Amino acid sequence: MYRYRLLFVVLLCNGLLLPLSGNPDFVSYAMGSGGDAGHSSSPDAPVVSIGAPVAFIDTPIAFIDTPIPKVPRQGLDTDLPVAVSDRRGSVMDTLEVSLDEIRILAARDTETRDGAPFSVSVHNRSVTLQQLEPGFSMDRITDAIPGLWVNDRQNYALGERITIRGMGWRTAFGVRGIYVLMDDVPLTMPDGQTVMDVVDPSMVRQLEVMRGPGSSFWGNAGGGTMVLTTRPADYDNSAAVRFYGGAFGTLNTSARTAYRSGNSGYAINTSWFQREGYRNHSHHSAFRMTAHMEKDLSSGRHLRVSGAFVDAPDTRHPGSLTREELNDDRRRAAVLFERVSAGKQWRHGQLGAGLGSETASGRWQATVYGIARSLHNPLPFADIEVNRLVGGSRIAWYNRQEHLRWGFGADAAWQSDSRRNYSYRDGFIRDDRVLDQRETVWNGAVFARVATGWRSMNISGGVRADALRFASDDRLMAGGEDQSGERFFTAASPSVSISRESRYGLMYLSFGTSFETPTTTELVNRPDMTGGFNQDLSPERSRGLEAGLRGGLESWRLRYDMALFRQMVRDQLVSYRTEDGEGRDFYRNAGRTRHDGLEVRLQWKALKWLDMTASYQRSLFEFRESVDTGLVRFTRGNRLPGIPDHRLRFILNAETGPFLSILTVELVDRYYVDNANTAYNPGYHVVDLQFAHAGLTLFRELTLMPFATVRNITDVRYNSSVSINATGGRYYEPAPGRAFYAGFTLAM
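Residues in the sequence shown are numbered consecutively from 10, following this note's numbering.
Derived by calculation from the structure, the hints in this document are not laboratory data.
Predicted, not measured: the structure shown is a model, and the values here were computed from it.
Think of the CB as a built atom: it goes at the ideal place given N, C-alpha and C, for glycine as much as any other residue.
Be aware that a few hints might be false.
Each pair of labels, with its calculated beta carbon distance range [as the list claims (entries may be wrong)]:
1) T644 / G488: 37 to 45 Å
2) Q544 / G488: 14 to 22 Å
3) E490 / A248: 58 to 66 Å
4) R409 / A248: 50 to 58 Å
5) N289 / I404: 45 to 53 Å
6) H694 / S432: 39 to 47 Å
7) T665 / D338: 13 to 21 Å
8) T723 / L413: 36 to 44 Å
9) G309 / D441: 55 to 63 Å
10) R709 / D654: 15 to 23 Å
11) L707 / L554: 54 to 62 Å
12) F257 / S350: 18 to 26 Å
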């Protein structure tokens with residue numbers, strides 16, 4: 010730990026004491042200003058040095074300003090001083106690139122990419138890359154963002170297991186501890202549960218990740234914020250269809266179109282995905298669609314409307330396996346899950362509208378949104394039906410002067426779940442209702458942020474106050490007893506950051522806080538198996554300190570992003586299971602945890618046709634108290650389950666003529682799967698290889714772009730995810746061996 014403290018001191022001293030000086034090796038570029046989709050907020054574009062600190066922006070350099078570009082190279086930043094291809098594919102002799110200033114949406118639009126004094130990454134995916142990557146899982150599009158780990162469970166009924174700096178480690182399904190938005194609509198519900206199954210990864214154009222406690226920005230989330238954008242960067246009167254298929258009965262067809270008429274733009278993405286699955290009883294099929302409209306109004310106003318829809322009529326749940334079952338047959342399903350036909354059928358629709366206005370008094374933003382969701386979820390312990398309605402609004406005002414930026418706003422959200430649980434009789438035939446209640450959550454919040462800077466130094470801070478009310482209305486009245494109830498939670502979440510620009514990049518020190526309430530599902534899962542809410546659960550709270558450096562060495566064609574952090578969590582929400590719970594997860598607050606870690610990301614343009622990206626995470630996440638309640642047991646010093654101590658990801662991109670090859674290698678250390686650290690998931694390495702062609706012209710405006718992918722080339726036997734603290738040793742969720750996929754895109 011001494012070396013961690015020493016590095017904190019070194020980074021802080023360098024950041025605060027090193028003067029900002031010119032460097033003749035750095036090449037200047039022109040940076041414009043504006044938000045996403047290129048809408049300018051300031052006509053004056055300052056010229057800054059390429060050495061100025063910026064968040065990683067992974068738009069492939071070689072394909073800026075190309076309507077049907079060559080295949081992009083993953084992992085490059087737009088800030089790298091490499092040549093830019095023109096729309097004919099030739100190389101321009103210039104290092105001058107005009108870029109829009111990108112506001113960090115995860116930071117509520119008060120920070121920009123060049124000066125955000127905290128850990129943030131922005132990964133842009135071109136239209137071509139979206140069309141050439143068979144993105145059936147989020148882990149294929151995160152591009153080695155440090156601190157972010159996506160586990161593909163090979164189980165669409167549960168979705169991916171996603172963690173940021175270990176937060177979300179205990180999640181049994183969906184995503185916890187991370188606040189997620191897609192096209193201005195929160196996928197994180199007011200109760201804190203995040204629903205990701207509406208996302209088609211291949212439609213995601215931009216992925217923005219802010220790591221560390223961020224409740225001062227968005228509220229109910231402990232580990233960070235993820236902002237997904239599926240709207241196009243440019244409504245360019247284009248269209249494309251894509252087909253691909255491959256191992257385990259995988260079939261996908263998708264179409265996209267974008268159209269501009271005057272000052273209005275329209276876009277639609279649709280996809281149909283079907284997969285039999287690697288394991289037995291893991292079939293999945295889903296139709297997804299996103300639609301967008303943008304319109305420039307008079308007087309500096311801009312309107313955006315975005316919608317998304319998913320219909321998944323048949324998704325099956327294979328459950329997790331013991332080590333003995335893995336050795337016997339990795340592709341088998343858990344017997345009980347297969348017998349009960351466990352799975353999920355759901356529909357989800359959402360619609361959001363945002364209005365932005367530039368006035369003399371500042372910039373206003375207002376958003377309203379609505380979500381409707383229906384779910385049928387048969388599981389071994391109950392047959393569950395949930396119908397959900399969600400609505401919310403946000404309003405914020407921002408202003409700036411020469412050395413001062415500030416903003417304030419308010420959020421309001423409402424969630425209503427109608428939940429019914431049914432028991433089984435012989436042969437797992439649905440029987441009587443055992444739970445019938447309406448669960449509602451109200452969340453109201455106000456927030457404010459201010460930032461000031463002189464020359465190369467910047468200080469920013471903010472605070473947010475949240476109030477949440479959970480209520481349940483018992484409609485079953487079993488035994489004549491009303492088990493209705495309510496819970497009320499409040500939280501104040503401050504944060505403060507200081508940064509300094511130097512010739513080495515942006516050096517920063519940041520402190521943040523967060524809270525994470527139990528969700529309605531966690532509150533309703535009572536160990537006594539009765540209705541109502543668990544009155545013993547409270548929010549978990551965390552505070553974190555980080556020091557970081559991000560910048561680049563132009564002469565070496567190198568970019569780097571490094572962060573060292575410590576995050577303390579108290580009243581940790583811990584899951585456990587009982588023999589009578591039949592696989593159901595229960596929760597309680599138990600003890601404190603500490604998350605110490607180091608994140609490093611390097612990007613090196615070795616040759617004109619070759620670039621490399623490496624991302625490394627060192628994680629020392631452990632319990633800081635010993636707890637033994639009989640059902641929950643762990644010892645001070647035990648590692649948090651589900652998180653490896655070491656993880657390395659390496660991406661090699663080679664572009665030779667019209668051909669692109671992408672080699673990806675991931676190495677994961679072994680990690681524990683239970684709080685007591687009695688069982689572990691073995692470490693593994695996985696190698697993937699992707700080939701693609703820049704495009705064959707069939708007709709004057711029709712291009713064919715074929716691609717092929719080989720996953721797990723070395724045919725390694727490994728488990729891509731685990732079920733934390735599962736009963737009976739059923740921890741393991743196996744991944745496929747070697748798998749082939751191929752397809753093509755027709756674009757015009």
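Comparing the hints with the structure gives:
1. T644 / G488: 37 to 45 Å: 41 Å Cβ-Cβ, so the 37 to 45 Å window holds.
2. Q544 / G488: 14 to 22 Å: 19 Å, holds
3. E490 / A248: 58 to 66 Å: 60 Å, holds
4. R409 / A248: 50 to 58 Å: 40 Å, violated
5. N289 / I404: 45 to 53 Å: Holds, since N289 and I404 (Cβ atoms, about 50 Å apart) stay within the stated range.
6. H694 / S432: 39 to 47 Å: Holds: the Cβ-Cβ distance is about 45 Å, inside 39 to 47 Å.
7. T665 / D338: 13 to 21 Å: 43 Å, violated
8. T723 / L413: 36 to 44 Å: For T723 and L413 the Cβ distance comes to about 56 Å; the hint is violated.
9. G309 / D441: 55 to 63 Å: Holds, since G309 and D441 (Cβ atoms, about 60 Å apart) stay within the stated range.
10. R709 / D654: 15 to 23 Å: Violated: the Cβ-Cβ distance is about 56 Å, outside 15 to 23 Å.
11. L707 / L554: 54 to 62 Å: Because 57 Å falls inside the window, the suggested range holds.
12. F257 / S350: 18 to 26 Å: Once the Cβ atoms are compared, 20 Å apart, the range 18 to 26 Å for S350 and F257 holds.
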